[in-house]
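Peer 1: Protein sequence lines correspond, in order, to chains A and X. Under our numbering, the first residue of the first sequence carries the number 1, and numbering increases by one thereafter. Under our numbering, the first residue of the second sequence carries the number 1, and numbering increases by one thereafter.
Keep in mind the hints are simulated off the structure, nothing from the lab. Careful, some of the hints might be misleading.
What the hints assert, rightly or not - With a cut-off of at most 27 angstroms between alpha-carbon atoms, the simulated DSSO-like pairs for lysine-lysine come out as follows:
#, chain 1, residue 1, chain 2, residue 2
1, X, Lys204, A, Lys222
2, X, Lys9, A, Lys222
3, A, Lys222, X, Lys140
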Amino acid sequence: MKTIAAIVAVVSKDVRSELRTRYALNALLMFVLIAVATILFALRDDHLSSDVLAGMFWVVIFFTAMSGLSRIFVSEEERGTTFTLQLVATPSVVYWGKLFFNAGLTLLLTGAVAILYIVVFPAFVVQSPSIFIVTLLLGDLGFAASATILAAIIAKAHSKGTLYPVLSFPVLIPLLMTVMQSTAKALDGENISDAFGDFQILIAYLLIMAGGSYLLFDYVWKD
Amino acid sequence: MKTVSIDAKNISKDFNRRSIFHDISFEVSSPASLAITGKNGAGKSTLSKILAGLLTPTKGSVEYGIDGKTIFSGEFRHVIGFVSPYLNLYDEFTALENLHFLSRIRSNTIDRQRIQELLMLVDLWHRRDDHVGTFSSGMKQRLKYAFALLHRPNVLLLDEPTSNLDDDGVEIVKQIVQEQKKQDLLIIATNDAAEANWCDREIKVGMDRGEKQ
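Take these sequences, add in the hints, and give me the full structure.
Peer 2: See the structure below:
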């Protein structure tokens with residue numbers, strides 16, 4: 001119970017901090033608007049296949065997330081508050097707190113991108129909402145699990161901005177391929193049972209990344 | 001009253017293959033006070049971070065004990081208070097919010113009376129609702145003392161204890177130091193001879209190190 005309360009306290013600190021500083025939120029929202037607007041200007045009148053639409057959807061999420069999710073640890077490092085946090089919390093409390101915060105932020109980001117796509121792209125019609133929602137949920141959680149541990153690793157490096165997407169891309173390839181495939185199925189209106197295989201891969205990815213990161217975090221976080 | 005001890009055995013620290021210090025050993029248990037001195041770059045701050053459990057030594061080990069029982073460094077954070085130039089509080093929160101959040105993360109409780117007591121001790125009670133980002137460096141240093149003392153630590157570790165403080169601030173630190181060394185453990189990392197004299201023992205880090213009683 002004490003650990004859960006401490007994790008909640010870390011999340012609530014980060015939410016309050018984010019609302020005050022807008023370290024990640026502003027970067028994420030601006031990137032979403034610019035990316036979606038650029039795609040809209042370029043492709044509005046084209047008739048795109050569901051595969052291409054799904055790919056474009058996740059490309060925006062990938063690059064937007066890369067511009068904002070690393071802030072969770074980079075901002076602690078830049079402000080010199082890492083030691084403060086290390087003194088008051090165990091590594092596992094920090095890891096789960098940061099993971100839940102990043103998961104919330106990714107869900108918010110994905111929700112915003114999905115709404116924008118549905119509104120501005122006439123071809124982006126979700127015919128199977130159940131596949132779409134499960135894909136977004138599992139995809140976002142897997143995304144957050146990878147992004148959090150990679151953010152902790154790159155926070156200690158000098159060239160943080162470049163390193164983050166470069167390190168993240170190979171780690172996220174299995175996830176991106178699966179969510180794009182599953183999103184295309186949602187746009188094509190396939191039956192939910194057709195996407196079970198994709199969901200199994202996403203669940204396995206989430207468990208492996210979250211479990212592996214939890215075990216590794218002690219070494220990354222300390223020095 | 002808890003008896004706490006720190007037993008540093010042959011500790012060395014390297015950064016990028018450069019040796020900061022090597023083979024430092026000492027043992028100290030409460031009530032006691034210990035000064036870590038040495039020239040700039042000798043590794044005083046690094047040693048204090050290792051003692052606080054924030055860095056791992058390249059070689060050697062640090063054993064922590066409470067009432068004669070050896071404990072893990074992770075548990076030791078419950079009894080340690082640390083003031084250091086490398087340890088900052090959150091600029092976007094007020095003084096009060098900082099202490100509330102950090103209390104909740106550390107122990108799930110907020111002792112409002114203790115927080116008020118400490119903010120009054122460091123003379124920041126009247127600025128409790130101001131964002132730390134608007135504080136001067138001296139006021140931030142005072143707030144670090146309130147944070148360090150919040151959980152009534154048995155070990156108080158001070159790295160450059162009076163940096164940025166005015167005369168009144170230095171007096172407050174002297175009062176805290178006197179109180180701490182009566183029953184508990186006080187460790188000060190400094191290159192100021194006056195601050196080192198507040199302690200009963202001294203350890204020198206660096207090439208010409210030695211220990212004097």
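Peer 1: Run every hint past the structure and note whether it holds.
Peer 2: Consistency of the hints with the structure:
no.	hint	in the structure
1	Lys204/X with Lys222/A	holds, 26 angstroms
2	Lys9/X with Lys222/A	holds, 20 angstroms
3	Lys222/A with Lys140/X	holds, 24 angstroms
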